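Asks: Sequence:
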Amino acid sequence: MSKKALLVVSFGTSFDEALPAIVNIEEHCKKAFPDYDFYRAFTSGMIIRKLKRTKNVSIYNPEEAMEQLAQEGYEEVICQPTHIINGMEYEKMIRMLQPYKDKIPSIRIGKPLLTEEEDYKEACQIVMEEMKNPLEEKEAFVLMGHGTEHFANSAYCQFENMLRDMGYENTYVGTVEGFPSLDYVIRRLKMRNIRKVFLMPLMVVAGDHARNDLAGAEEDSWDSILQAEGFETEVILKGLGEIDAIAEMFVNHLKSAQEI
3 MSKKALLVVS FGTSFDEALP AIVNIEEHCK KAFPDYDFYR AFTSGMIIRK LKRTKNVSIY
63 NPEEAMEQLA QEGYEEVICQ PTHIINGMEY EKMIRMLQPY KDKIPSIRIG KPLLTEEEDY
123 KEACQIVMEE MKNPLEEKEA FVLMGHGTEH FANSAYCQFE NMLRDMGYEN TYVGTVEGFP
183 SLDYVIRRLK MRNIRKVFLM PLMVVAGDHA RNDLAGAEED SWDSILQAEG FETEVILKGL
243 GEIDAIAEMF VNHLKSAQEI
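In this text, residue positions in the sequence shown follow my numbering: the first is 3, and each later residue adds one.
A portion of the hints provided could be inaccurate.
Unchecked claim - Dumping the calculated DSBU-like pairs for lysine-lysine here, alpha-carbon to alpha-carbon at most 35 Å:
| hint | residue 1 | residue 2 |
| --- | --- | --- |
| 1 | Lys103 | Lys52 |
| 2 | Lys123 | Lys105 |
| 3 | Lys240 | Lys54 |
| 4 | Lys240 | Lys123 |
| 5 | Lys32 | Lys257 |
| 6 | Lys6 | Lys94 |
| 7 | Lys257 | Lys52 |
Note that these hints are calculated values from the structure, not bench results.
Quick caveat, the model's predicted, so the values are computed rather than measured.
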């Protein structure tokens, strides 16, 4: 009987409070593929080193995981990234897996969360359901994405436009490290005379960016800046991975995984 492995690859987090978002996706994937041995990998070397230094926890990067699987004689590996966009971290993972095509007979990889147009529609609907009540006229929902120099950064604009297309007019997407920035969002909020803003990370985990850049008490956090600009704010501190319907989207991508 051939040995089969399920490898779930995440950017990673060093926050204990944020890890359940990754675990939730992993558990959904494990449930869908019970005959596969489970492995975890992180793409962030910084987080891997920090976990080892501060908690003495060892996590594979994708290359190390594949090396281990090759040495143990696995003949089939299915891999699901928990990345949101097809950006630098996803491409880094692909580069780490490519050399093992000659060592492991079958390597299949699922796509990131936002890949096909239908992914955007489904994810937008799921995210909006996190709002307990429909937005009132002077209220808005602002999502914080990570942002990147990679051309995949355009996914954030598509996400916002998809929300609008679905009828959610008072919804905005900003990023920490790309376009649109918070300045763009604030200008749009003022044009619509918004008074209250609901904030939520558009990230798999509610980790460092969510807890500090979005919701932190410091004056340069999005929450503090918006309050200083005169808006009432309410933070929804939840990573997308904590939402079961999002985890199931990753499972569906895993089921459609393609040979590398």
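Asks: So which hints don't hold here, by number, going up?
Replies: 2
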